[in-house]
Amino acid sequence: MTVAADSLAERMRSIVGAGNVLSSPSDLLVYECDGFTIEKNKPDVVVFPNSTADIVAIVKACGELGVPFVPRGAGTSLAGGCLPVGGGVMIALTRMKRILEVNYRDRYAVIEPGVVNLWLTNHLKPQGFHFAPDPSSQGACTIGGNIATNSGGPHTLKYGVTVNHVLGVELVLPDGQVVRSGGPTEDNPGYDLTGVIVGSEGTFGVAAKAWVRITRNPEAYRTLLGVFETVDDATNTISDIIGAGIIPGALEMLDSLILEAVEAAFHFGFPLDAGAVLIMEVDGLDAGLDQDAERIVEIARKNKAREVRKANTEAERLLLWKSRKQAFGAVGRLAPSYCTQDGVVPRTKLPEVLRAIQRIGAKYNLRIANVFHAGDGNIHPILLFDERDAEQVKRVLAASNEILDECIRLGGSVTGEHGIGVEKIDFMPKLFAPEDLAMMMRLRSAFNPDDRCSPHKMLPTAGACIERSHAGRHAAM
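7 is the number of the first residue of the sequence shown in the working numbering; add one for each residue after it.
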């Protein structure tokens with residue numbers, strides 16, 4: 007069934023009201039892509055539900071009309087996870103932003119999907135708690151989006167990724183049925199459906215509510231900045247710290263190119279002649295932290311650190327983390343466009359993959375900056391280019407493919423937290439056997455039998471790459 011956009015918009019207005027529907031071409035332009043700007047496609051209409059009942063009515067209408075739909079949070083996805091490939095209805099969850107309940111004794115909160123990650127931590131801060139998953143975009147990204155992609159962040163080295171902090175989800179299935187997996191208790195009998203839903207990238211349904219674990223703030227921190235002449239020395243330090251049995255709260259690496267952008271933006275005092283710096287943080291009970299910090303300093307110096315600085319005040323520590331968390335925004339000082347990759351390799355392979363990235367950048371005449379979660383081998387090479395130049399787009403996509411192929415060759419994966427979306431569908435057959443992919447499709451079909459919810463995401467269609475809305479990616483093939 008083909009439904010005219012005007013009729014579709016009118017149907018949505020009858021459900022949520024005119025003030026909660028966007029349909030003009032200029033309004034829809036805002037929603038034609040997420041943080042992966044290379045591929046674009048406008049939805050036919052954007053709808054803002056305010057409740058679970060609104061979501062139910064929207065998806066039932068989509069089913070009746072045979073229209074695809076895709077949920078969207080803040081649009082900070084970097085893999086096209088909320089790209090409306092086939093048009094249809096975009097369900098924007100940003101107005102469902104209430105913190106419904108906080109239980110400090112049992113250490114959980116109940117939130118709507120549009121709650122911004124940092125809002126929850128700021129809400130909990132007066133009582134000495136926080137929400138542990140802390141993506142670099144935590145000031146903008148929603149927890150619903152974190153659940154969709156199983157987001158990580160600098161401190162997930164010690165505290166775990168989003169799935170480790172989601173106790174339960176209320177999900178609206180594509181037929182409008184409301185189901186709940188998990189809840190406020192620590193463990194539930196039966197299959198771990200919550201673990202299946204987290205990271206499913208919106209292909210199972212629309213998350214309407216979540217029960218999330220809250221974490222008590224550490225008593226104290228020791229935050230260090232190691233300055234190295236080479237990337238190899240920095241990455242060897244990472245392996246040695248973990249090998250020594252120290253589990254830092256965070257281990258983050260920034261190379262010389264990203265330092266240039268961050269220093270221009272925040273004036274922290276980063277040494278611009280360094281090959282790389284490491285942010286190394288230990289946290290927990292105050293007793294013993296000095297000893298851990300001293301051991302880290304010794305390991306860094308053994309690996310030829312030029313100097314190791316300590317954040318002596320909370321203000322210094324917060325500025326250092328601000329510089330790291332907003333590094334991606336600072337990249338705008340280096341180029342009009344950038345594409346961020348999200349590969350994973352074993353920690354011991356970091357020197358090798360970074361050398362490969364440097365080689366690939368030279369091959370395609372591209373500048374590539376590196377800032378990433380070094381402690382768990384989750385790399386984020388940032389390819390700098392101008393998307394207005396089709397030739398540069400072609401080179402960026404080809405270079406991205408080679409970087410991700412290298413991650414697979416080294417025993418890793420093509421995503422640690424950004425997800426597959428539309429960007430990396432071609433890599434799924436490289437990671438999984440046909441039988442594995444067929445089983446994933448069967449699982450998705452159990453939730454989403456008509457593939458109306460977030461179609462053409464994560465999994466290749468009919469054993470081949472799907473035909474996507476933008477020719478840019480195929481230009482690299």
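Quick caveat, the hints were computed from the structure, so don't treat them as lab data. For clarity, every value in this text was computed on a predicted model and none was experimentally measured. Cβ atoms here follow ideal geometry from the backbone N, Cα and C, with glycine treated the same way. Heads up, a few of these hints could be off.
Using 35 Å as the maximum straight-line C-alpha spacing, the simulated DSBU-like pairs for lysine-lysine come out as follows [what the hints assert, rightly or not]:
#1 K164 x K331
#2 K316 x K331
#3 K308 x K328
#4 K164 x K66
#5 K436 x K308
#6 K331 x K46
#7 K308 x K400
#8 K46 x K400
#9 K308 x K48
#10 K400 x K331
#11 K46 x K215
#12 K400 x K215
#13 K164 x K48
#14 K369 x K400
#15 K316 x K436
#16 K131 x K48
#17 K46 x K328
Okay, the calculated beta carbon distance ranges per label pair [said to hold, decoys possible]:
#18 A368 x R101: 44 to 54 Å
#19 E192 x K66: 43 to 53 Å
#20 S32 x T354: 31 to 41 Å
#21 D193 x L449: 46 to 56 Å
Against the structure, the hints come out as follows:
Among the hinted pairs, K164 with K331 is consistent with the structure: their alpha-carbon atoms are about 17 Å apart, no more than 35 Å. Proximity of K316 to K331 is assessed by CA-CA distance (about 18 Å); at most 35 Å being required, the pair is judged to hold. Between K308 and K328, the direct Cα distance comes to roughly 28 Å. Compliance with the 35 Å bound is thereby established for this hinted pair. In summary, the hint linking K164 to K66 is not supported, as the alpha carbons are separated by about 42 Å, beyond the 35 Å threshold.
For the hint linking K436 to K308, the alpha-carbon distance of about 39 Å lies beyond 35 Å, and the restraint is violated. Taking the CA atoms of K331 and K46, the gap is near 26 Å; set against the 35 Å cutoff, the hint holds. A hinted pair counts as satisfied when its Cα atoms are at most 35 Å apart, and K308 with K400 does not qualify at roughly 42 Å. The straight-line distance between the Cα atoms of K46 and K400 is roughly 16 Å, inside the 35 Å bound, and the hint therefore holds.
With a C-alpha separation of about 54 Å, the suggested pairing of K308 with K48 is violated against the 35 Å cut-off. A distance of roughly 29 Å separates the Cα atoms of K400 and K331; the hinted pair therefore holds under the 35 Å criterion. Restraint check: the Cα-Cα separation between K46 and K215 comes to about 29 Å, which is no more than 35 Å; the hinted pair holds. Between K400 and K215 the alpha-carbon distance is near 40 Å, which puts this suggested pair outside the 35 Å criterion.
This hinted pair does not check out: K164 and K48 have alpha carbons roughly 39 Å apart, beyond 35 Å. With a CA separation close to 13 Å, the supplied pair K369 and K400 stays within the 35 Å bound. With a C-alpha separation of about 43 Å, the suggested pair K316 and K436 falls outside the 35 Å cut-off, and the hint is violated. Restraint check: the Cα-Cα separation between K131 and K48 comes to about 39 Å, which exceeds 35 Å; the hinted pair is violated.
Restraint check for K46 and K328: satisfied, since their Cα atoms lie roughly 30 Å apart, inside the 35 Å limit. In this structure, A368 and R101 meet the distance hint of 44 to 54 Å, their C-beta atoms being roughly 47 Å apart. Take E192 and K66: their Cβ atoms lie about 34 Å apart, and the range 43 to 53 Å is violated. Hint check: S32 to T354, Cβ distance near 51 Å, so the stated range 31 to 41 Å is violated.
Distance hint check: the CB atoms of D193 and L449 are about 22 Å apart, inconsistent with the given range 46 to 56 Å.
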